[in-house]
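Undergrad: Throw the hints in and build the complete structure from the sequences for me.
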Amino acid sequence: MIRFASLQFRMQAAVAFGALAVIAVVLGLTGPHLAHLYHATVATCGAHGNCSSATAAFLSNDRLLQDLGNVVIALPAIIGIFWGAPLVARELETGTHRLAWTQSVTRTRWIAVKLGLVGLASIAVAGLSSLMMTWWSSPIDRVNMNRFTSVFDQRGIVPIGYAAFAFALGVTAGVLIRRTLPAMATALVGFVVVRVAVTFWVRPHLESPVHATSVLHMTSGMGFNQTNNGPLSVTGGHGGAWVFSDRIVDQAGHAVGGGFLSQGACLQNRAAAACIGKLREVLVYQPPSRYWAFQGYEMAIFLGLAVICGAFCFWWMRRRIS
Amino acid sequence: MTAALETNGLGKQYGRRWALHDCTLSIPTGKVVGLVGPNGAGKTTLLHLAVGLMAPTSGTITVLGGEPGDGPTQLARVGFVAQDTPTYAGLSIAKHLRMGAWLNPTWDGDLAKRRIEQLGLDPRQKTGSLSGGQRAQVALTLAIAKRPELLLLDEPVAALDPLARREFLQSLMEVVAEHGVTVVLSSHLVADLERVCDFLVVLVTSHVQLAGEVGTLLASHHRLSGPRRDPSSLPASQQVIEESHTDKQSTLLVRSDGPILDPAWTVKPVTLDDLVLAYMGQARDTERVPHQGLSVI
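As given, the protein sequences belong to chains P and A, one line each in that order. When we follow the numbering used here, the leftmost residue of the first sequence carries the number 148, and every step to the right adds one. When we follow the numbering used here, the leftmost residue of the second sequence carries the number 41, and every step to the right adds one.
Hints were generated in silico from the structure; no laboratory data involved. We treat Cβ as the ideally placed atom computed from N, Cα and C, and that holds for glycine. All clues given are correct.
So the derived label-pair ranges between C-beta atoms look like this: (1) Arg256/P <-> Thr42/A: 23 to 31 Å; (2) Leu159/A <-> Ile149/P: 24 to 32 Å; (3) Gly451/P <-> Arg56/A: 33 to 41 Å; (4) Asp297/A <-> Pro329/P: 54 to 62 Å; (5) Leu176/P <-> Asp150/A: 50 to 58 Å; (6) Val343/P <-> Ser171/A: 47 to 55 Å; (7) Leu323/P <-> Asp150/A: 41 to 49 Å; (8) Ser277/A <-> Thr255/P: 51 to 59 Å.
TA: Here it is, written out as structure tokens:
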């Protein structure tokens with residue numbers, strides 16, 4: 148059964164792993180250069196003084212390749228659409244399941260091998276693409292310090308969970324709808340909805356954030372921010388952390404407005420103790436040390452959803468399809 | 041001897057609709073069985089139940105003494121050609137044969153290869169580019185090369201033109217002659233089955249209306265025509281299946297194991313087609329009123 152499943156899957160697998168190989172070559176050729184640039188410019192900029200122009204110059208390298216992170220994001224959806232949805236739906240649509248299920252192989256085994264083989268391939272493709280991208284962009288991520296925030300879902304192990312879930316969801320849609328095209332559309336919509344929901348409503352609560360109040364201390368890279376004459380907040384300066392909110396309060400605990408900065412000592416030097424010494428910073432955040440825990444939780448959530456979808460497919464196909 | 045197919049009170053329900061209901065049937069081994077009935081009679085459902093593609097809602101079904109689809113051994117004993125003879129359009133004939141070899145421990149590769157050669161097909165050709173008749177032949181080859189004890193075919197010739205139909209049935213008969221496999225093939229047209237069947241099952245609205253050896257059935261049914269008379273005046277041993285009357289004449293199709301001795305009747309043999317139509321009609325409207333004064337010119 149494994150040989151036959153491979154025979155049916157070989158074209159798709161060749162396309163996917165071929166594309167991966169091309170990306171691997173491109174990243175493999177440019178990656179060491181990027182790492183070298185990092186060590187030559189950004190890592191040593193402290194000694195020469197002007198770090199902001201060094202980092203800006205560094206980040207302007209390989210702009211196009213930096214966007215490959217979007218491929219890592221899109222890949223699970225593509226897997227769900229082109230590997231998951233047609234896997235069973237195309238057989239049901241053309242009636243070939245009746246040919247397959249009347250060979251001397253039980254339906255259970257057929258489903259297990261199909262789901263196992265293509266599911267593992269999905270995980271492999273997503274895992275490899277993420278691994279390559281994580282390695283290649285590690286110098287860039289070190290500069291941007293955003294791996295816990297804007298590039299969380301293009302790095303590390305979460306793409307594995309996404310791919311497994313997208314695949315299983317695609318198969319489930321195909322099994323239920325029994326037509327390839329509507330199943331593809333449903334798989335895409337369903338996957339995007341779940342991904343968005345987890346990103347915005349589940350991920351922030353995976354661990355309760357740290358609440359910290361401390362004396363405001365401005366370091367380089369930090370700045371003040373004010374929107375619509377509202378209270379002041381602080382930007383930057385919390386490298387690698389996932390900051391939910393960062394408010395400035397006075398000694399009484401009241402929010403501080405923008406007018407504060409245009410008075411007295413602050414006119415000369417905003418960072419001086421005379422200006423901000425009496426202010427406190429109220430920070431709500433996930434510390435950088437939780438990065439891998441969050442990666443693990445989120446991967447586990449999606450792998451769990453994938454297992455639920457897969458189990459449902461088993462149950463449904465054994466009972467409801469003839 | 042174990043029956044090839046035995047059902048008892050078999051039923052299959054889809055939602056609220058019964059596709060097959062209270063079906064009791066026994067098909068002996070070593071026969072070529074025609075399963076005839078109008079569309080929607082439950083032929084496909086019965087075959088799907090027999091091959092284990094679905095499980096019954098009620099009743100029991102045993103195939104060659106085993107439970108359908110119960111493990112690889114039982115699957116290997118039954119060959120199946122589904123309606124519209126599905127194959128993988130993107131795979132070549134050779135790859136289909138490889139699939140057969142991989143998925144069936146009892147696979148007869150030489151037989152498969154020989155049949156494809158005899159059919160004059162190029163093994164490298166994708167089945168998507170074959171004609172309906174050729175694809176049906178490939179599907180039959182896959183089912184046969186598995187060397188099953190029982191071969192089930194669901195309307196295998198319904199989509200074929202008359203020539204392809206004849207060729208398909210001919211090669212089916214060659215297989216039967218060569219391997220002695222029991223065959224059940226369904227059709228809504230008796231004409232398709234007439235030449236090949238030696239056992240007939242007529243299924244109407246999921247009930248078995250008639251089942252028996254073709255020879256016995258033909259010998260025990262007669263078409264009688266003669267002066268008009270009331271069918272209830274016939275001897276009790278003659279069962280009226282179908283009747284039609286004009287002002288002066290009556291034409292009856294009766295079942296009788298003994299000879300028809302009444303000299304008033306002109307007795308003619310029946311064809312299988314007559315027989316099946318008569319039993320289908322009987323099932324459809326049992327309370328039919330005889331046509332009065334019908335003139336047919």
